[in-house]
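Protein chains: 4
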Amino acid sequence: MKQEYDGTSIGVDRRELIRATAIGLGAAALIGGTARAQDASSGAQVRAEAFAQVHQPTPLPFNSASLNGLSQRLIDSHWSNNYGGAVRALNETKRRLGDALGDKDLPPYIYNDLKREHLMRTGSVVLHELYFENLGGNGRADDAARAWLSKGFGQFDRWEAEFRRIANGLGGGSGWVVLGFNQQFGTAENYWMADHMHSPAMTVPLLVMDMYEHSYHMDFGAAAAQYVDAFFNNINWESVLERIEALNGRGTA
Amino acid sequence: MKQEYDGTSIGVDRRELIRATAIGLGAAALIGGTARAQDASSGAQVRAEAFAQVHQPTPLPFNSASLNGLSQRLIDSHWSNNYGGAVRALNETKRRLGDALGDKDLPPYIYNDLKREHLMRTGSVVLHELYFENLGGNGRADDAARAWLSKGFGQFDRWEAEFRRIANGLGGGSGWVVLGFNQQFGTAENYWMADHMHSPAMTVPLLVMDMYEHSYHMDFGAAAAQYVDAFFNNINWESVLERIEALNGRGTA
Amino acid sequence: MKQEYDGTSIGVDRRELIRATAIGLGAAALIGGTARAQDASSGAQVRAEAFAQVHQPTPLPFNSASLNGLSQRLIDSHWSNNYGGAVRALNETKRRLGDALGDKDLPPYIYNDLKREHLMRTGSVVLHELYFENLGGNGRADDAARAWLSKGFGQFDRWEAEFRRIANGLGGGSGWVVLGFNQQFGTAENYWMADHMHSPAMTVPLLVMDMYEHSYHMDFGAAAAQYVDAFFNNINWESVLERIEALNGRGTA
Amino acid sequence: MKQEYDGTSIGVDRRELIRATAIGLGAAALIGGTARAQDASSGAQVRAEAFAQVHQPTPLPFNSASLNGLSQRLIDSHWSNNYGGAVRALNETKRRLGDALGDKDLPPYIYNDLKREHLMRTGSVVLHELYFENLGGNGRADDAARAWLSKGFGQFDRWEAEFRRIANGLGGGSGWVVLGFNQQFGTAENYWMADHMHSPAMTVPLLVMDMYEHSYHMDFGAAAAQYVDAFFNNINWESVLERIEALNGRGTA
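Residue numbers (our numbering), protein chains in the order written: chain A, 1080 to 1332; chain B, 1080 to 1332; chain C, 1080 to 1332; chain D, 1080 to 1332.
Possibly wrong hints are sitting among the right ones.
[As the list claims (entries may be wrong)] Simulated pairs of lysine-lysine, DSSO-like, Cα-Cα distance not exceeding 27 Å: (1) A/Lys1183 <-> B/Lys1183; (2) A/Lys1183 <-> D/Lys1183; (3) A/Lys1230 <-> B/Lys1230; (4) C/Lys1183 <-> B/Lys1183.
None of these hints come from the bench; they were simulated from the model.
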């Protein structure tokens, strides 16, 4: 794409693009440690104009029947109805924003009603993609991830205790729990988020957990704590470690 | 610090640390294109344990008397009372979280009340730091920034029209407007945010505008549109361009 | 009634009390039945000091196995886990507020974290009580209710169309739909509410519908529209009409 | 209007109307004065179809130059820009809702974006009207109000301490403090509210305080505590007492 561009931009090579497409324009830029190491100039190029992008759902990165204690019915419904619905709604919202931007008579506060939908659907799509990406593992954190989290929280168990507590406190409503690296502060922190619009600024998500009731009610009813256990048993720690390694742009030197 | 670490971590050299401290542990990691080019292994190391970090306010990067159409009284109050107050509140909240985490009898939903404060104060501190950092300029976007935004929005003017519209729609209440690069989607997008807890996930802020009434009421009363004009006249486009350049970890190749 | 007044209280005569009990205006009948019967002067009298009141769950006003298309398992879980949990959390929050009010060193913004919990749990308890109260019927609106809603919305069907649309738009997350009489405006209006803290000021709820996912996921999964149909089939229109009739304080003259 | 009505309506006698006017219970007296005077049977009768009502701003019930420590400039701006703007926005929102309801292709979640604006503007209009109504007094609570609040909070001073604490904790952002009578619980309680959409369900507001920054920044800058003092010095306790007296459905006979 470099040839199409005018000098201010930053290239992305074809292989990166193909890979990004294949995994659904997902966390490609952040996660793909190896790919990026091979093309460190990628990542900042705009892939589509705002509102012109049509999102496609990213396929589940695991067999939905393969999880330990989370049913295929739950996962399939979560992916196709909740995540899939968010993708469709985001596309519709962007289309309407494109139209609304040209309507000079639209009061700005009415325009912002659509922008709120934009923020919410963006959060829902992105967070769901990260959630499914860090699911489907065996739940065993390797030493490297444990060491990094110990550094951030004093002890690995302290990290886990807080993450679980936030999750349990969100039972019965909406929300997300996010372990993130706050680039402004240089800290690893867990964050409570009550809906798709919430997020800590300047923070790279490392482990993302959906606490909306659609994440567990089919399997566990109101017993959110059982879902929290099941989630931990299925964390894909490899994806978490890749996100940690990608933080410095090249992985561990 | 490398010697203190066990192999999974990522170093940060003393010079980086000093610089980060000097500019207030601010957007150092993201913005410091040059510094990072010299130490590409930096950036992912935890600077302090969660809750143990005591934040210091980042000084204003410009003379508060030097802005064009925004009074020194307004800027000084904004910095010392609103931003400064957020720093103090964040420190207090982290201290209380450290205590609360050890209290086994605390219901998780009560713990989460503090985590909400944590999210809100984190957002307020980070967004204010980015806001002051992209203020204090002459308001003239150079060609590189204009080209990058044209790519993202079809036209530079289309970007500006939407950013201003969102801002005007937020008059009379709380909120932020953020131009960000959505790393998940590969898009440049403007976001409406209604309070400090809002933020688009996986998005690097490039231009941040405070629309809380404390940003303008002293100078303009309820005439938010006059503040929007004044903000545009004082944008520090150099800092915006640096943030764009830092997106790929090295700046433009 | 002035003659019954002792300086602190405001009278209510026995007829008023009987009416209030008969039509179930609030938890009055349920919580303080006996006490109020012994002190008929208590219409607007405070039943307990703020924070000192210990709430007891209001029993379901219908047999949970008797609904049409909503399973006993769903209703029982909703009542005991979600509503019951809210009652317990409200009691705990009030207890903590009583303690916190005496703590002079507590920053007001930390105190307000508890007040937010207070607002949220209050909303959850109250709205759940109203929801169960207007459930358990045969779903057939009588002529009087239809006429009143026709007056408010032009047509009864127009009211229903909007109420259903709001409900369907809330699928996949949290929220409530409320038909209320806005006393400030003299209008009947449907309201979208995204969580327990939302509510239109100066508005008396007439029909309340829970759209949190715990209201339907066990029975319908993500198919919120099926739940909306089922809810309409089980509306207790008698309770709605009683609430309408109670609006002017005396019922139909 | 009785002649237009079908028998399901609910009367209100002339005495009730006079009382409502006298104590300013809602915008009734203000908005529909003439119409209601012509049809005294309208207590709970709908004054206008949902979305068809065009609101007119309620005049300030006091001379804006007469307050003690709150400037005329602040009050006039608050009334004309913030309250007046909310009235205009509510009218525009209702007009758009009427159109949108007939658009069968509009996704329900987009429709709900307008309903959120509806809820927010409704709250803003209603709360501002109640706020100005309970302002303009001499700040001295008479014995009856003190006694009633002592009953609700143990001590009058305990009520005041909590109300002030909530207010101070809201400094620097948006929000309201409301003393209300919770009809479901039979309690007098203070409520924290972070924006116009918040409100405790089934609660009659008795004293309403605006904590949006536009309520004080012109006069006090960020010194919210000075505004809290000034507000207390200008409370119109007569209006508060009238609201308390109206709680039992007939007021003192």
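Hints, verified against the model:
no. : hint                    : in the structure
1   : A/Lys1183 <-> B/Lys1183 : violated, 56 Å
2   : A/Lys1183 <-> D/Lys1183 : holds, 24 Å
3   : A/Lys1230 <-> B/Lys1230 : violated, 41 Å
4   : C/Lys1183 <-> B/Lys1183 : holds, 24 Å
Violated hints, listed in ascending order, are 1, 3; each of the other numbered hints is respected by the structure.
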